[in-house]
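Chains as they are written, first to last, in this note's numbering: chain R, 94 to 164; chain B, 94 to 164.
No lab work stands behind these hints: they were computed from the structure. A quick note: this is a predicted structure, and the numbers were derived from the prediction, not measured. Possibly wrong hints are sitting among the right ones.
[Unchecked claim] Example chain B residues on the side facing chain R (calculated, C-beta under 8 angstroms, incomplete):
(1) Ala97
(2) Met101
(3) Asn105
(4) Asp116
(5) Leu146
Ideal Cβ positions, reconstructed from N, Cα and C, are used throughout, including at glycine.
2 protein chains.
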Amino acid sequence: MCEANVYMLDENGEKKLVMEAVDKIIPGTDEVFLENIFGERKTVKARIKEMALVDHKVLLQRVAAEENNAG
Amino acid sequence: MCEANVYMLDENGEKKLVMEAVDKIIPGTDEVFLENIFGERKTVKARIKEMALVDHKVLLQRVAAEENNAG
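Pulled out of the complex, with its shape left as it was, chain R reads as follows:
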């Protein structure tokens, strides 16, 4: 199976696992919807920074409050 682990990169440049075995990813304006192969769903305030599918890795970047207003 080719699901990926999704990590969030925080302000300090540290990666934290958000969800593993993610199948579906749907980006919104300031958020990203995730669904994994177990049917778990999560929506996080972030945008996709980078995906490396062969490594099974998706990196998200947190959306800061100020950025939401910047248009």
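Could you slot chain B onto chain R? The hints should help.
Structure of chain B alone, referenced to chain R:
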């Protein structure tokens, strides 16, 4: 290997293959950078609409000229 095929959804709702065997995907503001396992690279005027990793499918949506100015 867990690379995906990347398709573009056009204004008529039709899917066209943009690149196959894509490993790296890096979204920008109005464009998406793609790199496949053969080292081919492409940047397309689009945003990510949906990803289904288990199906090896990434769907892009073309960014229309009007939308570029709306933000």
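Task: Hint check, failures only - done: 2 and 3
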